Amino acid sequence: GEDVEQSLFLSVREGDSSVINCTYTDSSSTYLYWYKQEPGAGLQLLTYIFSNMDMKQDQRLTVLLNKKDKHLSLRIADTQTGDSAIYFCAESTYGNKLVFGAGTILRVKS
Amino acid sequence: GAVVSQHPSWVICKSGTSVKIECRSLDFQATTMFWYRQFPKQSLMLMATSNEGSKATYEQGVEKDKFLINHASLTLSTLTVTSAHPEDSSFYICSARDGRTVNTEAFFGQGTRLTVV
Chain S
1 GEDVEQSLFL SVREGDSSVI NCTYTDSSST YLYWYKQEPG AGLQLLTYIF SNMDMKQDQR
61 LTVLLNKKDK HLSLRIADTQ TGDSAIYFCA ESTYGNKLVF GAGTILRVKS
Chain Z
1001 GAVVSQHPSW VICKSGTSVK IECRSLDFQA TTMFWYRQFP KQSLMLMATS NEGSKATYEQ
1061 GVEKDKFLIN HASLTLSTLT VTSAHPEDSS FYICSARDGR TVNTEAFFGQ GTRLTVV
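Going line by line, the protein sequences match chains S and Z.
Using my numbering, the letters of the first sequence map in sequence onto residues 1 to 110.
Using my numbering, the letters of the second sequence map in sequence onto residues 1001 to 1117.
Where hints are given, some of them may not hold.
[Stated by the list, open to error] Pairs of lysine-lysine, DSS-like flavour, derived with a Cα cap of 27 Å:
id	chain 1	residue 1	chain 2	residue 2
1	S	K70	S	K56
2	Z	K1041	S	K109
3	S	K56	S	K97
4	Z	K1066	Z	K1014
5	S	K56	S	K36
6	Z	K1064	Z	K1041
7	S	K67	S	K36
8	S	K97	Z	K1041
9	Z	K1055	Z	K1041
10	Z	K1020	Z	K1055
11	S	K109	S	K36
12	Z	K1041	S	K36
13	Z	K1064	Z	K1020
14	S	K36	S	K70
15	Z	K1014	Z	K1064
16	S	K67	Z	K1064
17	Z	K1014	S	K97
18	Z	K1020	S	K70
19	S	K109	S	K97
20	S	K97	S	K67
21	Z	K1041	Z	K1020
22	Z	K1055	S	K70
23	S	K97	S	K36
24	Z	K1064	S	K68
[To be verified] Just a sample of chain Z residues kept apart from chain S, beta carbon distances all over 12 Å, derived:
id	residue
25	E1022
26	F1028
27	K1041
28	N1070
29	T1078
30	P1086
31	E1105
Note that these hints are calculated values from the structure, not bench results.
If you're wondering where the values come from, they're calculated on a predicted model, not measured in any experiment.
Note that the Cβ used here is the ideal one computed from N, Cα and C, for glycine as well.
With the hints as constraints, model all of the structure from the sequences given.
Shown next as structure tokens:
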């Protein structure tokens, strides 16, 4: 079955880069997503990447996909205190249900 | 992006009562809606998928008679937690997408925090 795993916690200093890693098992995944969740709030889609891409950059966010190893990463450049949140990676197949990882708590120290 | 509105944002109810949570797509037609449940410090677990006009498809282990889902229109789905108990206390989140186009994004509501006392 599908499974998505990610590290549970990451602490960085303000201004540094953050890298959050994720692995998944479903080789038929078509889209891979990164969501941000602030305390008590719903999920905000940050970015997504199609499975035939290796990299996608969107302002401070860079997504790298290694499809062979089924490894996805999210790099946040110049991390700010407002980036502190829980980050979820998720995968889906042809627009079907999303399967989420457990979430990575990002703590940014000023 | 598109807007999904979930109501209420939080609710406290007595054990044994029922609670209804609404999920509305405000500016698109949501042919498919998903209901998730999230326990503290845990990931989102899909409870069920509902397509407009059809019965919901529940994930394994989710009691369909306890979590009633109605998706009667293209802009509204409801989740009713029947005979709620303290163990049903959780954060419930809906998402909606227009399934008529392949690979469209699913937009999330802001979530409903249910506390059963």
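Against the structure, the hints come out as follows:
For the given pair, K70/S sits about 16 Å from K56/S by alpha-carbon distance, which is consistent with the 27 Å threshold. Restraint check: the Cα-Cα separation between K1041/Z and K109/S comes to about 20 Å, which is no more than 27 Å; the hinted pair holds. For a cut-off of 27 Å, the pair hint linking K56/S to K97/S stands: about 22 Å separates their Cα positions. Distance restraint check for K1066/Z and K1014/Z: the Cα-Cα separation of roughly 16 Å lies within the 27 Å cut-off, and the hinted pair is therefore satisfied.
Among the hinted pairs, K56/S with K36/S is consistent with the structure: their alpha-carbon atoms are about 17 Å apart, no more than 27 Å. A threshold of 27 Å between alpha carbons decides the hint, and for K1064/Z with K1041/Z the separation of about 25 Å falls inside it, so the pair holds. With a CA separation close to 23 Å, the supplied pair K67/S and K36/S stays within the 27 Å bound. A distance of roughly 21 Å separates the Cα atoms of K97/S and K1041/Z; the hinted pair therefore holds under the 27 Å criterion.
Proposed proximity of K1055/Z and K1041/Z is contradicted: the alpha carbons are some 31 Å apart, above 27 Å. Taken as a hint, the K1020/Z and K1055/Z pair is honoured in the structure, with Cα atoms around 17 Å apart against an allowance of 27 Å. Distance check on the hinted pair: K109/S and K36/S sit about 18 Å apart at the alpha-carbon level, within 27 Å; holds. Straight-line distance between C-alpha atoms of K1041/Z and K36/S comes to about 14 Å, which keeps the hinted pair within the 27 Å bound.
A hinted pair counts as satisfied when its Cα atoms are at most 27 Å apart, and K1064/Z with K1020/Z qualifies at roughly 14 Å. Restraint check: the Cα-Cα separation between K36/S and K70/S comes to about 21 Å, which is no more than 27 Å; the hinted pair holds. For the hint linking K1014/Z to K1064/Z, the alpha-carbon distance of about 21 Å falls within 27 Å, and the restraint holds. Between K67/S and K1064/Z the alpha-carbon distance is near 36 Å, which puts this suggested pair outside the 27 Å criterion.
Under the criterion of a C-alpha separation no larger than 27 Å, the hint pairing K1014/Z with K97/S is inconsistent with the structure, at around 32 Å. Of the pairs offered as hints, the one joining K1020/Z and K70/S is violated, with about 39 Å between alpha carbons and a cut-off of 27 Å exceeded. At roughly 35 Å between alpha-carbon atoms, K109/S and K97/S are farther apart than 27 Å, so this suggested pair is violated. Only pairs whose Cα atoms come within 27 Å are accepted, and K97/S paired with K67/S is accepted, the gap being roughly 20 Å.
Distance hint between K1041/Z and K1020/Z is fulfilled; the C-alpha atoms sit about 24 Å from each other, no more than 27 Å. Of the supplied pair hints, the one linking K1055/Z and K70/S is violated, its CA atoms being roughly 34 Å apart against a limit of 27 Å. Between the alpha carbons of K97/S and K36/S the distance comes to roughly 18 Å, so the proposed pair stays at or under 27 Å and holds. For the proposed pair K1064/Z and K68/S, the alpha carbon gap of about 38 Å is over 27 Å, so the pair is violated.
The Cβ of E1022/Z sits about 14 Å from the closest Cβ of chain S, beyond the 12 Å cut-off, so the non-interface label holds. Residue-level check passed: F1028/Z sits 14 Å from the nearest beta carbon of chain S, beyond 12 Å. Against the 12 Å criterion, K1041/Z falls within the reach of chain S, whose nearest CB is about 8 Å from its own CB. Every C-beta of chain S lies more than 12 Å from that of N1070/Z, the closest at about 19 Å, which supports listing it as non-interface.
The Cβ of T1078/Z sits about 17 Å from the closest Cβ of chain S, beyond the 12 Å cut-off, so the non-interface label holds. For P1086/Z, the non-interface assignment is confirmed: its Cβ lies about 20 Å from the closest Cβ of chain S, beyond the 12 Å cut-off. The Cβ of E1105/Z sits about 6 Å from the closest Cβ of chain S, inside the 12 Å cut-off, so the non-interface label is violated.
Comparing the model with each numbered hint stated earlier shows that hints 9, 16, 17, 18, 19, 22, 24, 27 and 31 do not hold.
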